[in-house]
Amino acid sequence: MKIVNKEFSLSSSNRNQMIDITGEVTSIAGKSGITNGEVVIYCPHTTAAVTINENADPSVQHDIVFVLEDLIRPGRREYRHSEGNADSHAKSSIIGCSERVVIRDGTLVLGTWQGVFFCEFDGPRHRRVIVQVIGE
Amino acid sequence: MKIVNKEFSLSSSNRNQMIDITGEVTSIAGKSGITNGEVVIYCPHTTAAVTINENADPSVQHDIVFVLEDLIRPGRREYRHSEGNADSHAKSSIIGCSERVVIRDGTLVLGTWQGVFFCEFDGPRHRRVIVQVIGE
Amino acid sequence: MKIVNKEFSLSSSNRNQMIDITGEVTSIAGKSGITNGEVVIYCPHTTAAVTINENADPSVQHDIVFVLEDLIRPGRREYRHSEGNADSHAKSSIIGCSERVVIRDGTLVLGTWQGVFFCEFDGPRHRRVIVQVIGE
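Protein chains in written order, with this note's numbering: chain A, 1 to 136; chain B, 1001 to 1136; chain C, 2001 to 2136.
These aren't lab readings, by the way, just hints derived from the structure by calculation.
Hints may be right or wrong, so weigh each one.
To be verified - Covered by chain A, per the in silico footprint, the following chain C stretches (three or more residues, Cβ under 8 Å):
id : region
1  : 2024-2033
2  : 2048-2058
Claimed, not checked - Now the in silico label distances, taken between C-beta atoms and shown as ranges:
id : chain 1 : residue 1 : chain 2 : residue 2 : range
3  : A       : 30        : C       : 2030      : 27 to 35 Å
4  : C       : 2010      : A       : 27        : 24 to 32 Å
5  : C       : 2078      : B       : 1035      : 41 to 49 Å
6  : A       : 56        : B       : 1035      : 34 to 42 Å
7  : B       : 1113      : A       : 27        : 36 to 44 Å
8  : B       : 1124      : A       : 27        : 32 to 40 Å
9  : A       : 30        : C       : 2124      : 46 to 54 Å
10 : C       : 2020      : A       : 73        : 22 to 30 Å
11 : C       : 2007      : A       : 8         : 18 to 26 Å
12 : B       : 1126      : C       : 2027      : 27 to 35 Å
13 : B       : 1078      : A       : 9         : 30 to 38 Å
14 : A       : 14        : C       : 2057      : 23 to 31 Å
15 : B       : 1030      : C       : 2126      : 24 to 32 Å
16 : A       : 69        : C       : 2124      : 28 to 36 Å
All figures in this text were calculated on a predicted structure; none of them were measured in a lab.
Every residue gets a Cβ at the ideal spot worked out from N, C-alpha and C, and that includes glycine.
In isolation and in its complexed conformation, chain A is listed as follows:
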């Protein structure tokens, strides 16, 4: 059994934004030497998330962000959290702060249209992404 721990950082430019990190994840998995197992992508922030979705047409990212902004509005009078980002925390838990992709016979098993995205919900900010590759 082999475990490889890596991390990288990125900067977001909008309050709500999906950032394609497929290249970084694929590179770390490839360099790990692990040919069967999985790669875990973990966001250590409470107003951001990680998801897997289409990275061919950027309008998909626009539409997912639109749906979340439309459903979960900032600044509602019922919120008690005083930092003005209660909506960001809710979006983080709804999308979830980690994903994993299976590695099989030396290849990340992403579907044809799938990419890995860091989801910013309280940007612009500087952020970290934790990656762990586990397998053999």
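With chain A fixed as given, assemble chains B and C onto it according to the hints.
Showing chains B and C alone in chain A's frame:
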């Protein structure tokens, strides 16, 4: 450490639908010979998802699908994605494209009422499900 | 490779409630002797979930619960499930019934503000939490 990779396919019949795949997952885990570890169920599609919920009363599946259809409407004028399935992509990221179940002492640790479901959000389609069992 | 299986129980006091279980998870991970790998936190119930979010300011928990209660209402006439908790099942699938945290060099890689929460959506109830630590 042992890793077993499998996949199977299925066909959905509705645009939005939950399909019980507990039998397939349990069978793959059982045949793997892995008695402690976990089974990962991964959907390689960007308009579908995987979830765990009640499989005793089919009305639960109806109600979950209803909630998602009601919250995330198709065909909104704000969508930019031209394929007519922006809502399907959003549902996929909100539910998430994978789940995992713990294997403990030779048994999948599903709760009494829990089953594993493939969630179709842009059917009817032919779909694949990736399964990886990891453990010892 | 080492695998440690544990579980613990808790009692919720409200219908919708986030309960901080970071201490229990950290303790199990610490006692496992596993210094690199991951800890999986799994909820074997279909009207509850597990999430990771801020545990410094309790108002964040209030606001996440408020967002979910506001989006997914109980008792809608379209629901078919007769037990009165269709909304609870939907919330469970939207948040998700498990999370995992990376263990790196003997430490749980939780972000500065992150804690692990059990999410009750049909309390008050007595509940179980399954924990598996996997690594070396």
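Right, here's what the structure says about each hint:
Beta-carbon proximity to chain A at under 8 Å applies to 0 residues in the region 2024-2033 of chain C; the threshold of 3 is not reached and the given coverage is violated. Coverage of the region 2048-2058 of chain C by chain A holds in this model, with 5 residues showing a Cβ closer than 8 Å to a Cβ of that chain against a need of three. Separation of residue 30 of chain A from residue 2030 of chain C is about 33 Å and conforms to the stated range, judged on CB atoms against 27 to 35 Å. The given range of 24 to 32 Å is broken by residue 2010 of chain C and residue 27 of chain A, whose C-beta atoms sit roughly 41 Å from each other.
Restraint check, residue 2078 of chain C to residue 1035 of chain B: a C-beta distance of roughly 43 Å satisfies the suggested window 41 to 49 Å. The hinted range of 34 to 42 Å is satisfied by residue 56 of chain A and residue 1035 of chain B, whose Cβ atoms lie roughly 41 Å apart. Distance hint for residue 1113 of chain B and residue 27 of chain A: a CB-CB separation of about 42 Å, consistent with the stated range 36 to 44 Å. As the Cβ distance of residue 1124 of chain B to residue 27 of chain A is approximately 37 Å, the hint placing it in 32 to 40 Å holds.
For the pair residue 30 of chain A and residue 2124 of chain C, the supplied restraint of 46 to 54 Å holds, since their beta-carbon distance comes to about 49 Å. For residue 2020 of chain C and residue 73 of chain A, the Cβ-Cβ distance of about 26 Å falls inside the hinted range of 22 to 30 Å, so the restraint holds. Remark: the range hint 18 to 26 Å for residue 2007 of chain C to residue 8 of chain A is contradicted by a beta-carbon distance near 35 Å. For the pair residue 1126 of chain B and residue 2027 of chain C, the supplied restraint of 27 to 35 Å is violated, since their beta-carbon distance comes to about 46 Å.
Taking the beta carbon of each, residue 1078 of chain B and residue 9 of chain A are about 32 Å apart, inside 30 to 38 Å as hinted. Between residue 14 of chain A and residue 2057 of chain C, the C-beta spacing of about 24 Å keeps the proposed range 23 to 31 Å intact. Roughly 30 Å separates the CB atoms of residue 1030 of chain B and residue 2126 of chain C, a value that falls within the hinted 24 to 32 Å. Checking the proposed 28 to 36 Å range against residue 69 of chain A and residue 2124 of chain C shows it holds: the Cβ atoms sit about 34 Å from each other.
Comparing the model with each numbered hint stated earlier shows that hints 1, 4, 11 and 12 do not hold.
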